[in-house]
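Working from the sequences, and respecting the hints, build out all of it.
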Amino acid sequence: MSEPVLQLHNLSVDYPTRVGVVRGVDNVSMTVNRGEVLGLVGESGCGKSTLGAAIMRLLRPPGKIVGGEIVFNGQDLIKLDKEAMRHLRGAHISMIFQDPMTCLNPLQRVSDHVVETIQTHHPEVKKEEAREQAAKLIDRLGIRAERIDDYPHQLSGGMRQRVMIGLALALNADLIIADEPTTSLDVIVEAQFLDQLRDLQRQFNLTIILITHNIGVVAELADRVAVMYAGKLMELADVFPLFDDPLHPYTRGLLNSVPNINLTEDNLQIMSGSPPDLIDPPPGCKFHPRCPNAMERCKTQEPPFKEVQPGRWAACWLYGE
Amino acid sequence: MAQVAEIQPGLLARFLRGRKWYGTEWYMTVTGGFIVVFIVVLTALTFLTPNLAPYDPEIRTGDPFTSPSAEHIFGTDQLGRDIFSRIIYGAQIVLQVALLSATLSFIVGVPLGLVSGFLGGKLDRLLSLIMDSIYAFPGLILAIALAALLGAGVLNMSIAIATVYVPTFFRLVRGQVLSIKEEMYVEAARSLGARGRTILWRYIFPNVIPSIVVVFSLNIADAIITEAGLAFVGLGVDPSKPDWGYDIYRGRSELVGGRWWPVTFPGLAIALVALGFSMFGEGLSEILNPRLTEV
Numbered sequence: 000m001s002e003p004v005l006q007l008h009n010l011s012v013d014y015p016t017r018v019g020v021v022r023g024v025d026n027v028s029m030t031v032n033r034g035e036v037l038g039l040v041g042e043s044g045c046g047k048s049t050l051g052a053a054i055m056r057l058l059r060p061p062g063k064i065v066g067g068e069i070v071f072n073g074q075d076l077i078k079l080d081k082e083a084m085r086h087l088r089g090a091h092i093s094m095i096f097q098d099p100m101t102c103l104n105p106l107q108r109v110s111d112h113v114v115e116t117i118q119t120h121h122p123e124v125k126k127e128e129a130r131e132q133a134a135k136l137i138d139r140l141g142i143r144a145e146r147i148d149d150y151p152h153q154l155s156g157g158m159r160q161r162v163m164i165g166l167a168l169a170l171n172a173d174l175i176i177a178d179e180p181t182t183s184l185d186v187i188v189e190a191q192f193l194d195q196l197r198d199l200q201r202q203f204n205l206t207i208i209l210i211t212h213n214i215g216v217v218a219e220l221a222d223r224v225a226v227m228y229a230g231k232l233m234e235l236a237d238v239f240p241l242f243d244d245p246l247h248p249y250t251r252g253l254l255n256s257v258p259n260i261n262l263t264e265d266n267l268q269i270m271s272g273s274p275p276d277l278i279d280p281p282p283g284c285k286f287h288p289r290c291p292n293a294m295e296r297c298k299t300q301e302p303p304f305k306e307v308q309p310g311r312w313a314a315c316w317l318y319g320e
Numbered sequence: 000m001a002q003v004a005e006i007q008p009g010l011l012a013r014f015l016r017g018r019k020w021y022g023t024e025w026y027m028t029v030t031g032g033f034i035v036v037f038i039v040v041l042t043a044l045t046f047l048t049p050n051l052a053p054y055d056p057e058i059r060t061g062d063p064f065t066s067p068s069a070e071h072i073f074g075t076d077q078l079g080r081d082i083f084s085r086i087i088y089g090a091q092i093v094l095q096v097a098l099l100s101a102t103l104s105f106i107v108g109v110p111l112g113l114v115s116g117f118l119g120g121k122l123d124r125l126l127s128l129i130m131d132s133i134y135a136f137p138g139l140i141l142a143i144a145l146a147a148l149l150g151a152g153v154l155n156m157s158i159a160i161a162t163v164y165v166p167t168f169f170r171l172v173r174g175q176v177l178s179i180k181e182e183m184y185v186e187a188a189r190s191l192g193a194r195g196r197t198i199l200w201r202y203i204f205p206n207v208i209p210s211i212v213v214v215f216s217l218n219i220a221d222a223i224i225t226e227a228g229l230a231f232v233g234l235g236v237d238p239s240k241p242d243w244g245y246d247i248y249r250g251r252s253e254l255v256g257g258r259w260w261p262v263t264f265p266g267l268a269i270a271l272v273a274l275g276f277s278m279f280g281e282g283l284s285e286i287l288n289p290r291l292t293e294v
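First to last, the protein sequences are chains G and W.
Taking numbering that gives the first Met the number 0, the leading residue of the first sequence gets 0, the next gets one more, and so forth.
Taking numbering that gives the first Met the number 0, the leading residue of the second sequence gets 0, the next gets one more, and so forth.
The set of hints was computed from the structure by calculation and includes no laboratory data.
One or more hints might be untrue.
Calculated lysine to aspartate or glutamate pairs in the EDC-like style (CA-CA distance at most 20 angstroms, straight line) [said to hold, decoys possible]:
no.: 1; chain 1: G; residue 1: K125; chain 2: G; residue 2: D111
no.: 2; chain 1: G; residue 1: K63; chain 2: W; residue 2: D237
no.: 3; chain 1: G; residue 1: K81; chain 2: W; residue 2: E186
Listed next, the stretches of chain W that the computed footprint assigns to chain G, with coverage defined by at least 3 CB atoms under 8 angstroms from CB atoms of chain G [to be verified]:
no.: 4; stretch: 82–91
no.: 5; stretch: 191–197
None of the values given here were measured: they were computed from a predicted structure.
Glycine is no exception: its CB is placed at the ideal position from the N, C-alpha and C atoms.
See below:
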């Protein structure tokens with residue numbers, strides 16, 4: 000069933016700063032298969048958004064990809080020139096951003112946005128045709144087609160987010176990177192949005208990388224979950240096994256610290272400490288200073304990220320060599 | 000003339016009253032419709048000049064130094080020319096120069112600012128250095144030096160003044176581009192594969208326009224004063240042509256003899272028109288940036 004759309008091999012991203020180099024993404028390897036939703040979770044600053052931006056090759060300066068491969072549909076994106084990469088963006092890989100309120104040009108109508116996106120990649124499409132496509136698209140997203148000539152300020156947050164999805168879907172991208180798509184929506188709109196995303200995903204067999212710090216969103220939508228900490232992948236597994244039986248102590252801590260109506264006060268645990276300073280990360284496993292299961296070896300040697308059970312990867316010495 | 004000035008504001012004020020524009024009630028802004036009217040009247044003046052001016056401004060039409068009277072409402076100058084007519088004709092030159100120079104600095108400053116801010120790097124540093132050097136120079140002195148170099152005439156004066164104001168546009172646009180470049184919608188456009196030039200012309204430029212329009216108007220006000228300064232030191236147009244700055248220069252020695260009108264009226268004209276344009280700019284900025292509006 001699984002045809003890989005995107006494969007990351009040992010991808011690393013550095014941010015050189017005045018006080019030292021921050022490794023935002025450290026040696027990340029993973030595969031995203033066609034038609035799956037991969038949830039990428041972690042705390043603020045763990046590198047999940049950086050990873051998303053690196054795949055698009057839209058890192059903010061001074062961020063730089065310093066190693067590894069990003070293999071998308073069989074070609075290494077790092078080797079592509081800028082123009083080829085630009086053609087890929089929007090047509091084959093699209094992105095949905097966090098804040099729909101600011102993601103649309105306030106001076107362009109909805110139709111202009113869609114038409115522009117279509118014509119950027121298919122200059123042969125006439126404006127009228129593109130407009131028709133745009134109207135169909137937003138209609139399918141539950142916005143009445145006659146609102147296509149509205150300006151962004153005339154739309155609600157949820158509608159703008161749907162327009163953003165529409166833009167991402169306009170050209171049937173093979174991969175959609177959704178960077179915290181629901182963070183700025185309230186829970187009701189968020190729920191509607193997630194339902195809709197799920198429907199669209201099934202309908203078009205979309206491949207989505209869902210970047211979020213919200214475990215609930217991941218549980219709702221993801222097929223597989225990757226957990227990131229301090230720039231590294233800690234655990235990667237199907238969503239149900241991961242929630243039922245997290246392998247990595249960090250995942251366990253993360254799940255235990257999510258408030259839940261079934262939990263008694265005693266069961267809600269907090270994870271002590273805070274994420275490490277990435278300019279001067281701890282030696283060995285980066286999680287060891289906060290890890291309840293830390294062993295001597297964790298302080299010096301970094302555990303490899305490997306398949307510890309079928310379909311389950313983890314970077315932890317608890318699971319042997 | 001007097002009739003026009005009285006009737007127009009009333010009509011316009013009535014027209015504007017209660018009308019809302021971007022949530023701002025125009026008549027509420029101090030800078031309101033009167034200023035717009037003033038500029039409209041002035042522009043009309045420059046086009047209708049031959050019909051409005053009672054006399055030929057370049058020939059003797061009365062005794063020298065006639066004080067303001069019914070025949071010469073602003074009096075006459077030392078050659079017996081009608082000051083009122085000279086002011087009306089002088090408006091033409093001052094407005095030509097002001098508009099031309101503001102347009103020239105717009106044409107040069109805005110594209111440079113856009114490219115500089117957008118591309119950044121060495122080009123940006125070089126352009127910023129040049130622009131800051133011009134900016135650091137006292138404006139009038141630079142204009143005088145350039146005008147002296149280029150010689151008299153409407154076009155040369157405009158070029159001299161335009162050079163002084165290019166950095167104003169450049170710095171404004173560059174700064175705006177730097178901040179708009181970081182907006183999410185620009186990043187979103189990039190993530191959809193938009194070309195650099197599409198981003199610059201369709202995402203960044205339109206969002207800079209409101210500020211440019213405001214500065215354009217303020218620049219006209221500045222240019223009017225600079226033009227008067229140039230004319231005052233004799234770098235304006237042909238001396239026989241009516242020019243407010245030059246008329247002040249010639250009238251200033253008469254002040255001692257109690258003959259106040261040759262200098263007062265051109266001076267008032269300069270002050271009012273410059274004030275008009277700068278208030279117009281302020282008003283525009285209140286309308287275009289509604290967040291700054293007092294409600």
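Legend entry - Indices of hints not satisfied (ascending): 2 and 4
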